[in-house]
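K.L.:
Spelled out from the first residue to the last, the chains are:
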Amino acid sequence: MTLSLPAPSRTGLALGSIPWSPLAIATERCKGCELCVTACPKACLALDQSAVNRLGYHPVLLTDPTVCTSCAFCARVCPDAVFTVYVAPKGVAR
Amino acid sequence: MTAVPTAAPTPAPGEDPAFSLAGTPESPRRVLMKGNEAIAEAAIQAGCDAYFGYPITPQAELLEWMARRMPEEGRTFIQAESELGAINMALGAAAAGARVLVSSSSPGISLMAEGMSYMAGSEVPIVLINVMRGGPGLGSIQPSQSDYFQAVKGHGHGDYRVPVLAPASIGEAMDLVATAFELAERYRTPAMLLADGILGQAMEPVELRFRTPERLEAPWALTGADGRSPRVIRSMNLEPEALEEHNLHLQEKYHAIAEREVRWDGERLNDADLVIVAYGTAARVARTAIARARASGLRAGLFRPITLWPFPTDELAALAQRVRGMLVVELSAGQMVEDVRLAVEGRVPVAFEGRMGGMVPSPDEVLDALRELDASGVSALRSRRARRRQPGPVSGVEHLHERTPLPDAEPGHEALSIFGDDAWMPLWYTVPVASRRGHDGPGRGKRGPAGHSGGKR
Amino acid sequence: MTAIAPAAPRVVYSRPALLTDVSTRYCPGCGHGIVHRLLAEVLEDLSLGPRTIAVAPVGCSVFAYEYLGLDWCEAPHGRAPAVATGIRRVRPDAFVLTYQGDGDLAAIGTGEIVHAAARGELITAIFVNNGIYGMTGGQMAPTTLLGQRTTSSPTGRDARDAGYPVPMTEMLAVLPGVAFAGRGSIADPSSIGRTKSMIRKACEAQLHGDGFAVVEVLSNCPVGWGMTATESIQHLKDVVVKTYPLGVLADRTGRGRPTAEGGSPAAGGPAPAATKEG
Chain A
23 MTLSLPAPSR TGLALGSIPW SPLAIATERC KGCELCVTAC PKACLALDQS
73 AVNRLGYHPV LLTDPTVCTS CAFCARVCPD AVFTVYVAPK GVAR
Chain B
206 MTAVPTAAPT PAPGEDPAFS LAGTPESPRR VLMKGNEAIA EAAIQAGCDA
256 YFGYPITPQA ELLEWMARRM PEEGRTFIQA ESELGAINMA LGAAAAGARV
306 LVSSSSPGIS LMAEGMSYMA GSEVPIVLIN VMRGGPGLGS IQPSQSDYFQ
356 AVKGHGHGDY RVPVLAPASI GEAMDLVATA FELAERYRTP AMLLADGILG
406 QAMEPVELRF RTPERLEAPW ALTGADGRSP RVIRSMNLEP EALEEHNLHL
456 QEKYHAIAER EVRWDGERLN DADLVIVAYG TAARVARTAI ARARASGLRA
506 GLFRPITLWP FPTDELAALA QRVRGMLVVE LSAGQMVEDV RLAVEGRVPV
556 AFEGRMGGMV PSPDEVLDAL RELDASGVSA LRSRRARRRQ PGPVSGVEHL
606 HERTPLPDAE PGHEALSIFG DDAWMPLWYT VPVASRRGHD GPGRGKRGPA
656 GHSGGKR
Chain C
-4 MTAIAPAAPR VVYSRPALLT DVSTRYCPGC GHGIVHRLLA EVLEDLSLGP
46 RTIAVAPVGC SVFAYEYLGL DWCEAPHGRA PAVATGIRRV RPDAFVLTYQ
96 GDGDLAAIGT GEIVHAAARG ELITAIFVNN GIYGMTGGQM APTTLLGQRT
146 TSSPTGRDAR DAGYPVPMTE MLAVLPGVAF AGRGSIADPS SIGRTKSMIR
196 KACEAQLHGD GFAVVEVLSN CPVGWGMTAT ESIQHLKDVV VKTYPLGVLA
246 DRTGRGRPTA EGGSPAAGGP APAATKEG
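Protein chains in written order, with the numbering used here: chain A, 23 to 116; chain B, 206 to 662; chain C, -4 to 273.
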C-alpha cells in the first residue's frame, strides 16, 4: 500500500493541482455487505450496481466525495478492510 | 537438560538414599525404585521440558514425582483439569518446540485419543505413557494389557500409527523413555510407552543409568514470526487432493519407521521347538514358565516384541519356519495374538493364553497351555471364561464350535436364540408364547437371561 | 508523476499489515472479519506481531491462520485454552492468544477455558459470540437466545428442554485468576471502538503479568440467523445486547504477578521476567 501518494480520484476532488479522494477502496475485496453504507453518517456510500467484482459482488462506491468527512466509520465497520481513508492536511482547502 | 549428578556413592548424612540419585556414570548406584518414579526420573534426565498429567491409578506416582522434581529443575509441570486438558497442553507445548511427556492410564488414554490423532496429523512429537489397567470402562486398577489395540491400531481417528514401546522391566522402561523421545522427534510423531500396573507399582533395583537424546533442529516449531514468515501447525486440509498428499507423506514416514525401528528380544530361541510370544509383564511370567518347561524337557523359547508398532512381523514369520507352534500370552482377551497370526500366515498353530480384568496368569497356567499346544498341535483360542465352561480337556478347535444349550423355558414361554443354533455365543431371551409376533429382536422383552423369573443361568 | 506536493493528504486509516493479502472465506458482513481486523490493529499498535503465537479454534474462524500473519497452532474443538497453556508455559517470551467461537468456548470447551482462567494463565482469549454454530450449518449453541430458531432448535429455543443462554464471561469474571473480562460488540462504529479498547486492555493484562484476560465480542451470523448483514447488525443492537450486557465485567489489572500466597508483589518490587512493554 503506497501511503505517501494521494488516492487516485474518480470524481476529481483537487488538492491544489493533485486530484485526490478521501477513500481508496479495494473493490476486488469488497463483498457488498453494506455495513459501511449503514454506518456512514453522511450516506455517501452505496453499492455500485453497474459493476461486479471477481468475487461476484457489487463493490461499494463513494458516491459523493465532497460530503465525505474522512470519519473512517466505513473503515471501522468493514469486515474485509477494503478502505484506506485520507484526510486533507490542515490548513489546505479541499 | 541436566547432567547426570556425580556425587559420592554414599548418601550424605540425613539424606534419604531412595531419593538420592548419586552415583557416577561409570558405576551407577543401584537404587530400589518404584516403576512410576523411575520412569519419571528417566524422562527428566532425558531432557523432558514439560509434563502434563492428571491423577489416575496406577500411575499417580509418576505425576507426583514430576510435581516435585520438575519445578526443582526449573521445568514445566501442570496437573491439568482433565486428561483432555493435559493432552492439549502437550500439543501446544510440543508445537512450540518443547520436549513433552504425558502419562495416564487406560480410561484417560481414551480421552487423549483425539489429541493423539491431532498430533499425528500435525506431526507434533510427544511421548505418552499408558500404565495399563483392567477395563473396559472404569474397570479395575490392577494391571492389564488390554489397550494393545488402542495403542497399536491408532487410538484416535484417521490413518495413522504411533511407535509403541513395551518394556518388560523397570530398568528397560527407563531406557525406553529416552528411546521414545528419540523416535518422536526423529520422525515428528507422537510416541507411546506401554507399561502396565505391575511395572508402574512394583519396586525393583535399578541402575541409575540415564540417556539424554540430543536435540534435533525443529524448523517447524512455533516461536513467534520474528523476521521470518509465519508457521502454522495444523492437521486440517479441506482439499482432498492435498489431504491425500499429506496422508501419503505420513504413510511414507510410517513405512520408514517400520523399516528401521523394529525392536525385539529373544531368549532360548536357537533350539526352541515351541515359542511363547509375549510382551511386558506377560513376558516375565512366560520366562518362568519356559524355565519350568525346559526343566521338564520341553524345548521352549521366548520371543518378546519390544516395539509393538512397528511389529516384528518379518522376524516372527522367519521364526515360524522352524518351530512347531507358538503360544501368545497376554493380560487380555487376545489382542496381540491377532498380529502374531497375521505375521505367521498360518504356517504354525498359534495358541493363546490370557487373563483379563486385572488378573495375571501364573507360570503354571502358561506351562499348562504350552503343554496343551505341544500335545494337540492345533490353534486354540482359550480364555479364562472359555476354559471354565469345559468339563474336561477338550481341544480348542472343537470348543469353538460347541453349542451352548439354551435355558429351559418356563411353561407358556419359549426360548429363542437370536443368532440361531449354530451361534458361537448365542444370546437368548424368553417371550410369552401368546404375544410372540415373529422375531422381536433383543431388548424388547426387557428380560435378560439373568432377570427372568429369578434367573435361569 | 511529478513531485508530490508537500501538502499531500494524510492517511487516517489503512489496512493493517498483519492481515494477509487474501479475501476471507467469511460470509459478507460477518463479524469475524471485523474482529480479525481489530486484533491485527491492536497487535500492531503494541508491536506484538513477531512475538505472538496464536491458537485457532474449530469453527468458522479455524481459518484465522490464513488471515493473520502470525505463528498459529490449530487446536481440537474447545481445547484452545489448554493448547495455549502449553505454549505459554514453555515460551515465556511469547505473546499467546486464543481466538474462539461460542460453540468452541462455551460448549465443548467449558472445562479448558474455566481452568485456564482459574490458573490465571497469562493468555488472552478473544471470544466471538454470535449465538450459533456457523461452520456446521447453523445449529443451536449454548449462547443461542431463547426463542431463537436454529437448525437444531427449529421451533425456537425452549428453556424447558434446552435451558437458558449461558453468560460465559460473567461466569469467568468471578475467578480470581481473571485479570480482565469484558464484553463488547461490533454493532456500530462506537461499539467497535470500545471493543478495540477492551482487546487492547486484555493484551496489556498479559504483558503486565496480571493474569488471564478474556474479551467476549457479540457478533453476527447473517446466514445462520437468516438475515441480511444489515438486518443482523440491527438485531445485535436491538435484541442480543439485552441478553448479554456490554461492559467491563472484571478488572483486576494493575496487581502484577501473584505470589505463592496469592497476594500481589509489593509496589516497587522486581518486575516479572515475562513482561515486556510492546
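Please keep in mind that the hints were generated in silico from the structure rather than gathered at the bench. Each hint should be verified, as a subset may be incorrect.
[As the list claims (entries may be wrong)] Under 8 Å between C-beta atoms, here's a sample of chain A residues computed to sit facing chain C:
#	residue
1	Pro41
2	Lys64
3	Ala65
4	Ala68
5	Asp70
6	Ala73
7	Phe95
8	Arg98
9	Thr106
We put the CB at the ideal spot given by N, CA and C, even for glycine.
K.L.:
Each hint should be assessed against the structure and marked as holding or not.
P.N.:
Structure-based check of all given hints:
1. Pro41: violated, 11 Å
2. Lys64: violated, 13 Å
3. Ala65: Violated. Min distance 14 Å.
4. Ala68: violated, 13 Å
5. Asp70: violated, 15 Å
6. Ala73: violated, 16 Å
7. Phe95: Check passed: Cβ of Phe95/A comes within 4 Å of chain C, closer than 8 Å.
8. Arg98: holds, 5 Å
9. Thr106: OK, holds: Thr106/A within 8 Å of chain C, min 5 Å.
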